[in-house]
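Visitor: Quick mapping for you: the protein sequence lines, in order, are chains A and B. Number 205 in numbering that gives the first Met the number 0 belongs to position 206 of the first sequence; there are no gaps in the numbering. Number 64 in numbering that gives the first Met the number 0 belongs to position 65 of the second sequence; there are no gaps in the numbering.
To be clear, the hints were calculated from the coordinates, so they are not data collected in a lab. Misleading hints may appear alongside valid ones.
[What the hints assert, rightly or not] Just the calculated beta-carbon pair ranges, DEER-fashion:
id, chain 1, residue 1, chain 2, residue 2, range
1, A, Ala147, B, Gln82, 25 to 35 Å
2, B, Gly40, A, Ala132, 54 to 64 Å
3, B, Gln82, A, Arg81, 33 to 43 Å
4, A, Leu73, B, Asp171, 36 to 46 Å
[Unchecked claim] Covered, in the sense of this in silico footprint (three residues per stretch, anywhere, with C-beta under 8 Å from a C-beta of chain B), are these stretches of chain A:
id, stretch
5, 164-172
6, 214-223
7, 249-255
Just so we're clear, the structure is a prediction, and the values are computed from it rather than from any experiment. Beta carbons are placed, not taken as given, at the ideal position from N, Cα and C, and that holds for glycine.
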Amino acid sequence: MPWPFDREYMQLALAGGLVVGVCAPLIGAFLVQRRMALMGDGIGHVAFAGDTGGLLTGIWPFWTALAAAVAAALGMEHLRRRGRASGDVALALFFYSGIAGGVVLVGLAGSMNAGVLSYLFGSILTITRGELALIGVLGAVVVLTVAATHRPLFALVVDEEWSSVAGLPVASLNTLVAILAAATIVAAMRIVGILLVAALMVLPVASGQLISRSFRGTLVWSSVVGAGSVVAGLVAARLWALAPGGTIVLVCAAVFVLLSVASGRRSHPGRALALRGGPRTG
Amino acid sequence: MNAPLLRADRVTFSYGGEPVVHDVSLRVSPGEFVALVGPNGSGKTTLLKILLGLLRPDGGSVELFGSRPDRFRERNRLGYVPQRPSLGSGLPATVNEVVAAGRLAAGAWWRPPGAPDREAIEHALTTVGLTEQRHARVSELSGGQQQRAFIARALASEPDLLVLDEPVSGVDAGSQARFREALVHHVRAHEGAVLLVSHELGAVASDLDRVIVLKRSVRFDGPPSALSETGVSLGVHESDLPLWLEGLH
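Chain B on its own, in the form it takes in the complex:
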């Protein structure tokens, strides 16, 4: 079996003495499309920050590509799409500039971009369907198009593992379809792995290899088809329930 790209072992984390993440162990291997789901306040975003090295766990350990996050240097192998990054209405930045920033993780940032950089940027734009908008201001795009631009930025570094935090909240149907195609393309065509943190799985539910249900600790970790058989009780907010369960059954 391939070594996991991402591994967490018995991770715990508290805010002011209040446990937010408790005894969480998980792994993501090459070629896997994994969703981390849970209700609001279940610790998803906190766990994600720990996995990415933005927070240090109180207990347990995390490895990115076999290294501790703070010692992990091959940053181009990790693509990250943050939760709904919003650009100021006045920020002058084209889609091309935002996507090109993704190449900074792939090489020396003081070096001018070369032919491989331009090819990777072009491929990323094509994957998310934004080639025609490449010279448009990102801040003038719709929320869904903006999100696709940020996915392209993550894809531009040609990552082995793509991590996305709530990427489709409030995104229109057309952009959700493009979003699904981009992720499936990354997994199937490039044998990359995806860790999708969300409580909306409708767009990609049928493509998932594994679902991890988090509510402070891991309540379920397995294929989507097995989730309904376990009778997992999440106690999610009523409004959240159909968003992520839809499509799994």
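Looking at chain A on its own, in the form it has when it is part of the complex:
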């Protein structure tokens, strides 16, 4: 492949990054519209505890992170559905417990080693073939599942009560979104790191909303922006020796700002990031 993807590590990074660049916005679109955008952060922090648990016990951290992320996602969804805690409180519970658990496990391990840092800040350039295979499998599951269920998931985004009356399996669909979010976050951890994982789920969606009027179009354009940002971020990172995870997210943010300006936004950028609002009267 041509520069800058002439080295194997860059090719692995590109492949893994493209999978995540497509999948994260696909799931993020459903979370953003339901005011659950920061769920990605909450799950990510619990996944960090899973990672450190894996590093401590010698189990491949991908598996322990995946188990912790899925458990956190299901726990958050359970609390939200039962109304035992507000969305913010449920998120905070998992957010802080996760990071605290990770810190304690790091302490038990005796040092903050490179493995831990690679999950916190991402380390896309050190992805192995084994990790890429797992990211690919997770990505395929996410894409195929969204392709099969995007219509009922869209109905759920618009109106959960109506979806219940219409006979849609609302609880199962909510659980499905939570599990897919967990899988996506684990796949994205090595790309941009836990601290930035939610950005890949939110910023491309904000851009997609500026480009397309429809929900289906937003899904497609969000994934295009996500994948494009990965490519551009990797090129920029190689060119100027920047941290690739952070560069990818900065590209996502820049794309959103540019699109806002280019579209002569009838509003300022805050409008596209507004998640909910009332209709016009009249």
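Using the hints, position chain B against chain A.
Guide: Frame of chain A; chain B shown alone:
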């Protein structure tokens, strides 16, 4: 006489020991245009949630098309328009996408939409007068147009019974006229039934077959013309009174 599409028998419901709905019995039969009215806090929305199976009553029973709501499977036969659903200003969804969601109740949701789905969506859009706005973002429409889109979503499943919760609050006159035409078309052309929960009946008052007045329990159930003769005292808020009584006399 046709079997009722919706039947409630001696339904009661309390929130934290406070009775909200008490001993309510009602029925809606095919071809009927029924309004459920009452002042704010009369238990209308709670009763509606019970009738739709979203809440379980403390006592009494409910049947949708002869089945308990939790066992009712032919969901396409029931069209529902919730109370003023509001879309986020950023939600990217076209009118067509929202209306198409109505077809999910009519078949397997994993199946791609076919010709019957497209015909039903087209008919629903035509009924509410939104064919020209089909590619517009719903969140950029006026409140009245949004409400018509949600009525079209309910109509898209080709329901036998259409249930609407306060659908015309704050809606402009043009949309109210379209709203009335859509409901009358559903009852007259498709022999469907309508249960309209509202305290604003001005737009449809002359089309109603029956009015049910609720204030925790049923205070009146009969034709609109008989309501004024009963001397029903509702004790409604002064501001509510003319909204729903207007047009009944």
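Visitor: If any of the earlier hints don't hold here, list their numbers in rising order.
Guide: 3, 7
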